[in-house]
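Using the sequences plus the hints, can you model the full thing?
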Amino acid sequence: MKEKRVVLTFPPNLIEQPIVYNLVKKYDLMVNILRAHITPKEQGRLVVELNGKKSDVDAGMAYLGGLGIEIQSLAQDIKWHEKKCIHCTFCVPTCPTGALQVDKESMQVTFVKDKCIACELCVKVCPYNVVEIQF
Amino acid sequence: MTKTIHEINERIKKGKAVVVTAEEVIELADKKGFKKAAQEVDVVTTGTFGPMCSSGAYLNFGHSKPRIKVGGGTAFLNNVPAYSGFAAVDIYIGATALPDQDPRNSVFPGAFRYGGGHVIEDLVSGKDVKLVGSTYGTDCYPRTELETWINIKDLNEAVLFNPRNCYQNYNVAVNLSDRVIYTYMGMLQPRLGNANYCSAGQLSPLLNDPYYKTIGIGTRIFLGGGIGYVVWNGTQHNPGVQRTSGGVPRSPAGTLAVMGDLKQMSPAWLKGASFTGYGVTLTVAIGIPIPILNEEIFKYTLVKDEEIVSQVVDYSQSYPQVQPGSLGEVNYKELKSGSITVNGKRVPTGSISSYAKAREIAQVLKQWIEKGTFLLSEPVAGLPSADSGVSFKLLNERPLSRAHH
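Chains as they are written, first to last, in our numbering: chain A, 1 to 135; chain B, 1 to 405.
In short, the hints are calculated from the structure, not lab data. Accuracy of the hints is not assured; some may be wrong.
Listed next, with one range per pair, are the computed distances between beta-carbon atoms [unchecked claim]:
no. : chain 1 : residue 1 : chain 2 : residue 2 : range
1   : B       : Lys333    : A       : Pro11     : 29 to 39 Å
2   : B       : Asp128    : A       : Met30     : 52 to 62 Å
3   : A       : Asn22     : B       : Val322    : 55 to 65 Å
Some residues of chain A that are not near chain B, with every Cβ distance over 10 Å (derived) [stated by the list, open to error]:
no. : residue
4   : Gln17
5   : Pro18
6   : Ala36
7   : Arg45
8   : Lys53
9   : Ser55
10  : Ile69
11  : Thr94
12  : Thr97
13  : Val102
14  : Lys115
15  : Pro127
The structure presented is a predicted model; accordingly, all values stated were derived computationally and were not measured. For each residue, glycine too, the CB sits at the ideal point set by N, CA and C.
Here you go:
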């Protein structure tokens, strides 16, 4: 089994196509939509988690690529500027997935990129602009 | 056992002073026993690093040629208005000031990206800051417009002068309403979604000297990474609130007015902060040394997180409408555990004040004292304490229709 979190950017001409349906039906993938922003006649963005057999995930990705969809790994678009963080823990209760954690001994905040679903709640909460999400 | 500040300073100068942080002292007293530890320890260092809105800096930027009297005119630093109601080239930049063009909360919640707190951080970072002054001309100050870059290194004086810092304890903020609210205690999720607190607890300066027996006017402190002084009690100083048997105020109490040379300070310890839907402020680092003059003073420094309690306050209704009532009392050990229970519900907690940084401040101050680069000062006057009768009053509003001209 393979899990992949990706940001899909697709051009206006693909907006009418049932891409997620195809990923499920043709490639046997579990698709968990984390975020979606689709405007008719403009470009669309989907943040999805794909789960399935490695070969299916690879084939699904190839299908997306073949359609002209730009694929980026989710982690790439999220930056946690550690140097700016003052470790106040303000963001911790707001993070729905536990990507922002506090070590009870050191009382320092850490960011676990793999757990981040780019919901951006912390972006509004952090007074020091520590988290940057670039899409 | 009694010591004087003079004796402690002599030990500091000889490199013999025993200095521990407000956290370390708890362990030390546990290990060695109260009496022995009290005898041994000379200084306990404390620390806190949190947003403190009543902060700002005054600057003297020097006279231009020809002269301009910005006093009585207007002044902006990176488009943020500074107060100019002083002499010709003295201005004061407050932490919460916003550019006139900032949309504020017109598109709610506002982002408040840049304001006075950020100007101070930029100045301390050594960045050039744009000064724009505009005023009327006089015979002695003929110029009416000024536009120039300034840099902290060229200013005659740059002094951090904060009328209220270092709150002795603070509320725990929650939201009982059905919508998200944006407050100075952060974004609060509806129906008790989260709880935010703001104190360094057992490391916090005024919680280690709850009756201000050593901290007074003239106390030398760590301020923003440099050296500063306590210059007065802070505004809204409210020492008469209910206290625990250990002297800990159960709600916000004492405050300090502090000042120090901004030129010596560091951007690591003075940071502009943006609170969504609320505004901008300055996050300030303060560390205060407590001289162990006797056993009573020592006993206060042993205060632990579990002995410091605070009130849970609803910021959707109770706080804005000034309705009395607490949803319960919790202690800082519970708050730091990551969740508290309010009205029977488990509520996750977050802190606005950094405990990790408070710990670092107490360590830095300890090192300064151990190295002999920081000596303790004798306060020249005390702060009003619990028995002073000083209290924090609400505004007595008098409708203008009935007021005199």
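Comparing the hints with the structure gives:
In this structure, lysine 333 of chain B and proline 11 of chain A break the distance hint of 29 to 39 Å, their C-beta atoms being roughly 55 Å apart. Judged by the Cβ atoms, the range 52 to 62 Å given for aspartate 128 of chain B and methionine 30 of chain A holds: they are separated by roughly 54 Å. For asparagine 22 of chain A and valine 322 of chain B, the Cβ-Cβ distance of about 59 Å falls inside the hinted range of 55 to 65 Å, so the restraint holds. The beta carbon of glutamine 17 of chain A is kept farther than 10 Å from every beta carbon of chain B, the shortest such distance being approximately 34 Å.
Here proline 18 of chain A stays apart from chain B, with its beta-carbon at least about 34 Å from theirs, past the 10 Å limit. Non-interface status of alanine 36 of chain A relative to chain B is upheld: no Cβ of that chain comes within 10 Å, the nearest being about 21 Å off. Under the 10 Å C-beta cut-off, the non-interface status given to arginine 45 of chain A relative to chain B holds; the minimum distance is some 21 Å. The Cβ of lysine 53 of chain A lies farther than 10 Å from every Cβ of chain B, with a closest approach of about 37 Å, so its non-interface assignment holds.
With a least beta-carbon separation of about 41 Å from chain B, serine 55 of chain A lies farther than 10 Å from that chain, consistent with its non-interface assignment. Chain B leaves isoleucine 69 of chain A outside its interface by the beta-carbon criterion, the shortest separation being 31 Å against a cut-off of 10 Å. Against the 10 Å criterion, threonine 94 of chain A falls within the reach of chain B, whose nearest CB is about 7 Å from its own CB. With a least beta-carbon separation of about 13 Å from chain B, threonine 97 of chain A lies farther than 10 Å from that chain, consistent with its non-interface assignment.
Some Cβ of chain B comes within 10 Å of the Cβ of valine 102 of chain A; the nearest lies about 7 Å off, and the non-interface call is violated. Non-interface call for lysine 115 of chain A relative to chain B: holds, since the shortest CB-CB distance, roughly 16 Å, exceeds 10 Å. Some Cβ of chain B comes within 10 Å of the Cβ of proline 127 of chain A; the nearest lies about 4 Å off, and the non-interface call is violated.
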